[in-house]
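*Asks:* Sequence:
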Amino acid sequence: MKKVIAVLVLFVGLNAMAQKRENRNLNPEQIATLTTKKMTLDLDLNESQQSKIYELQLENAKSRMTKMEAHRKENSESMKKLSSEERFAKKTEMLDHQIAQKKKIKTILNADQFEKWEKLNHNRKNRFHKKRGERKHNMKKENKE
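Counting with mature numbering (1 follows the signal peptide of the UniProt record, and there is no 0), you get residues -18 to -1, 1 to 127 for the letters of the sequence shown.
Keep in mind the hints are simulated off the structure, nothing from the lab.
Possibly wrong hints are sitting among the right ones.
Claimed, not checked - Using C-beta positions, here's what the derived DEER-type ranges look like:
1) Asp94 - Thr15: 18 to 28 angstroms
2) Glu68 - Lys19: 20 to 30 angstroms
3) Lys86 - Thr15: 10 to 20 angstroms
4) Gln80 - Gln12: 29 to 39 angstroms
5) Glu68 - Glu29: 17 to 27 angstroms
6) Lys86 - Gln12: 15 to 25 angstroms
7) His79 - Ser33: 16 to 26 angstroms
8) Arg69 - Leu23: 32 to 42 angstroms
9) Leu8 - Gln83: 31 to 41 angstroms
Claimed, not checked - Once the Cα atoms are required to be at most 27 angstroms apart in a straight line, the calculated BS3-like pairs of lysine-lysine come out as:
10) Lys101 - Lys112
11) Lys113 - Lys20
12) Lys101 - Lys113
13) Lys49 - Lys113
14) Lys44 - Lys107
15) Lys20 - Lys107
16) Lys86 - Lys34
17) Lys73 - Lys98
18) Lys34 - Lys107
19) Lys98 - Lys112
20) Lys55 - Lys72
21) Lys19 - Lys98
22) Lys86 - Lys98
23) Lys113 - Lys73
24) Lys72 - Lys112
25) Lys88 - Lys20
26) Lys85 - Lys55
27) Lys55 - Lys112
28) Lys49 - Lys107
29) Lys49 - Lys34
30) Lys85 - Lys49
31) Lys88 - Lys72
32) Lys34 - Lys20
33) Lys72 - Lys44
34) Lys107 - Lys86
35) Lys20 - Lys101
36) Lys49 - Lys86
37) Lys49 - Lys63
38) Lys63 - Lys107
39) Lys101 - Lys63
40) Lys63 - Lys112
Keep in mind that this is a model prediction, so the values were computed, not measured.
Heads up, the beta-carbon is just placed ideally off N, CA and C, and yes, glycines get one too.
Whenever a hint applies, use it, and build me the whole structure from the sequences.
*Replies:* Below, the structure written as structure tokens:
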């Protein structure tokens, strides 16, 4: 019985993961367009703001794509764990990028829009951390069985 439940849980988990990865096949222009449209709906952006946000999101999407491709090639060649210095460098680079993006977005949005964007961003991060915590908790629970 435990094995049947474990197989069902595994199947449902894999199925859910497969559905979440539907955006993987989008190109940078499509990603930038979708992100801009979502921000327009959330923040009521005007035409000028939309074009500036689109350019910023396009730049981000292209950068992310090139980094992901490089990371995949690197991982396929050698599956090594990062040292603490490498992890620190990557984390620092990521945070510097986030700070720069926040400054750019602040110049595009007005004060009310920026405040709302920060709240939305904060809520999104909380949901991500909550889901991540639930996954870790579920993995620990499965390992005990």
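*Asks:* Please write out, lowest number first, the hints stated earlier that are contradicted by the structure.
*Replies:* Numbers 2, 4, 5, 9, 26, 27 and 39 - these are the hints that the structure violates, sorted from lowest upward.
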